[in-house]
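These protein sequences, in sequence, are chains Z and A.
For the first sequence, this note's numbering begins at 23 and goes up steadily by one.
For the second sequence, this note's numbering begins at 33 and goes up steadily by one.
Worth flagging that the hints you see were computed from the coordinates, not collected in a lab.
It is possible that some hints are incorrect.
If you anchor each label on the Cβ, the simulated ranges turn out as follows [unchecked claim]:
1) Gly180/A to Ala39/Z: 41 to 47 Å
2) Gly203/A to Ile307/Z: 32 to 38 Å
3) Glu376/A to Leu68/Z: 48 to 54 Å
4) Ala50/A to Val42/Z: 40 to 46 Å
5) Ser63/Z to Ser249/A: 55 to 61 Å
6) Ser362/A to Gln69/Z: 56 to 62 Å
7) Leu175/Z to Glu127/A: 33 to 39 Å
8) Leu348/A to Met115/Z: 36 to 42 Å
9) Gln160/Z to Lys34/A: 46 to 52 Å
All C-beta atoms in this analysis are idealised placements derived from N, C-alpha and C, irrespective of residue type, glycine included.
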Amino acid sequence: MFNRLSPENKPIAIAAAFVVVILLVGTVYTLATSGTAPLLSPVYLLQQLQTGSFLGICAAGMMMVILLGHIDLSIPWTLAAAAMTASAIGGDMALPVALGVGLTVGLVNGFGVAFLRIPSMIFTLGVDTVLRGLMVAQTGGFAPQDRATPLMLFLAKDKVLGIPVAIFVWAAVSIVISVILTRTGFGKSVYATGSREGAAYLSGIRTRAIIIGAFVISGMCAAIAGFLLTGYSAKAYQGMGNAFLLPAIAAVVLGGTHILGGRGRYVGTLVGVILIVLLNSVLSIMQMAEAGRQIIYGTVIIGMLLVYGRNTRIIS
Amino acid sequence: MKIYEKIAGWIRQNRGFAGALLLFSVLYLLYNILHPRGFSAAVFVQNSNESVALAFVAMAQTLPVLLGGLDLSVGAVMTLTSCIASTLVSGSPAEIIFGMFVTLLAGTAFGFMNGVIVVYGRIQPIIATLATGAIAIGLALWIRPKPGGDVDGDLNWALTNTVWDFFDTYGLDADAPWLRPFADLPVPVLILFGIALVVWLPFKRSVTGRTVYAIGSAEGAAYMSGLPINRAKIAAFTLGGFFAACGGLYLAIQTSSGNADIQQAGAYTLNSIAAVVLGGTSLLGGIGGAIGSLVGAMILRVISFYFRILSIDPLLQPLIEGLVLLVAVSFGAIRTLRVKNKLELFR
C-alpha cells in the first residue's frame, strides 16, 4: 500500500505507521506488566511532546540546512551559547540576546560555507569548537548568572489551556518553517539550490544569500531551543546542547529529507522527531539499559532507511 | 637539477600534504626548542603515546572521505574495540595474541558491515554510519558497562616506551650494537608508521585502492570505466574499521582499561575529520591519503602540547584550539580565489 505514494510521502507514511507501532508495543508491554495503558493517555503524550519540543525546534532548523545539501554541526554549542549568554544578561533582554547569538552564528556559518566555500561539515565543526572555547573562557574564571529568567520558565514549563507552552512555541516554529518552505520564493530557492546549485545560480537565484539565510534560520532555531531548555532545566550549563545534534540529523533523515539536499517535506521532520522521542520514551519505560537503547536506536534508523527504498545506483 | 624538478612536481601534486608536513615540522621543532627538556627521548615518547589513537582514527576516517563520504562511526568503533581489548588482552602470551587478533577482527568486521550497508543498502555513508556508530557504542556499553578492565602489564610497558625498553621487557638483548641507532625511538611511532607502510601503501597502489580515488573524483566515470565500484567501497570501509581497531587496541593497551564513553567517541570522530582536512585530504573526495591524515592528527596534538609549555590560561585552550582549526581550514578558501569559471565553485 506504500508503493502508491509519491517518493516524498512514502517515508512520512512509513514513519507515521512506525510511530503507531511503537505506541502499540509500549501499550502491550505496560498492559502485560502493570495492567494499565499510560502511553495512550493525553497527559503522557503531551508530556512527550513537551520534552520533544527542544529536539523538534533544533530539527526544524537543521532541516533547512540539510535541504541545501549542507549540514550544521554547530547546533550543540550555538544552543548552549545562546542559553548561557541570555541567562547571564537576564531580564527583558534575554530573548533578543539569545536570538542575536543564533543570528550571529548563522551569519558566520553562512559566510564560511557560501563565500569561502569551505565544506559545511568542517566549517560548522570549527565554529562549534570556537563557541565552546568562548563559553569556557567566559564562564571559567567567574560564575555569571545562569538562572532561567521568568520568560524562559513560562515558555518551557507553564501550561495554557492544559497544554504546555513549549508545544505552542514548537508549533509556531513549525508553521513559520513550513510556510517559508512551501509559500515563499526563499523556500523554493532552498529546494532549487539543494538540488543543483549551479543550475539554481544560472537561473538567477542568489544562492549565496540562500545558503546564508538557511544557516541563520538554523542558528536561530538552535537559540530558541536553548532558550526553552534553560527554562525547562531552570539553568543554563555547558554541554546542554550535546544531546541534540545527532538525534536532530536522524529525525530529519527519518522524515524522508534527502541527506544530499533538494528533497523533503517539513511534515516528515515533525513525524521523525515524534518517532525518536517516543522510541526513547518507550525504551525507558521498558527499563532498557543504555547499551540496548543505543543498539535499537541504530538498528531502527538503518531498518527504516532500508524500508524507504534504496537510492539509485550511480549518481553522475 | 633533475631532482629539484622532481621534488617541485611532487609538491605541486601533493600541495595539501606538503603543507601539512611543513606545518607539523615547524610546530614540532619550535615546541622542542621551547620545551625545557626538548629533543629528549622522554618527551618524544610521551608525545607519540598521546598521538597514536587519534592518528589511527584519522587514518580510518581518510578512506570514507576519499570516497566522497564520511564515517561518523570511527570513534565508536575505536571505543568498541578498546572495550573488547580491555577484556581479552591479558593472560598467557597465546591468550594475549588471540585477544589482539579478535580485537582487530571485530573492528574490521564492523567496517565490513558499514561497507555492506552503504553498498547494498544504498544508504548515504554519513547517515548509515551515524546509525552503526550508535550500535557500536551500544555493544561497547554492553561489554563494559563501567570503565575498567585488565591489560597485560608487560605489554603496556613495552609498547608505550622506547625500543630499548621493548627489548628489555621481553628479555632480549637490549644493548646489542645493531640496536644502538634505534634504541631511543618510541615504539608507538614505529607501530604507527609500520602499519601505515605495510597496510596503507600497498592498498593505495592496488586496483581497489586506485578505484577508491576514482570513485571520489567521479563515480559515474569510474563506473563507466569498468572499475570494481562495490568492491572498492566495501574494502575502503573495511580497512577503515581495521585502522579504527588498531587505534582502539592501542588505547586499551596504553590505558590498561576500556571505557565506553559516548562523549569521548564523539570527540574522536570529530577530531578525526579535522585531522583528515588538515592533512590535505579533500572532503569532496578523490584527493589525499592516510599518511597526510596521520600528520594532520599529529598537528592537532602538537597544538595542545603547546599549552603545557607556554602556560596559557587553561580556560583559553578550547578557544585557541577552535580558532586554529577554523583558520587552518579557511586556507581552503584560496581555491575559490583561483577559480576562473564561477560555476566550478558549485561542485
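Broken hints, numbered, in rising order?
2, 4, 6, 7, 8 and 9
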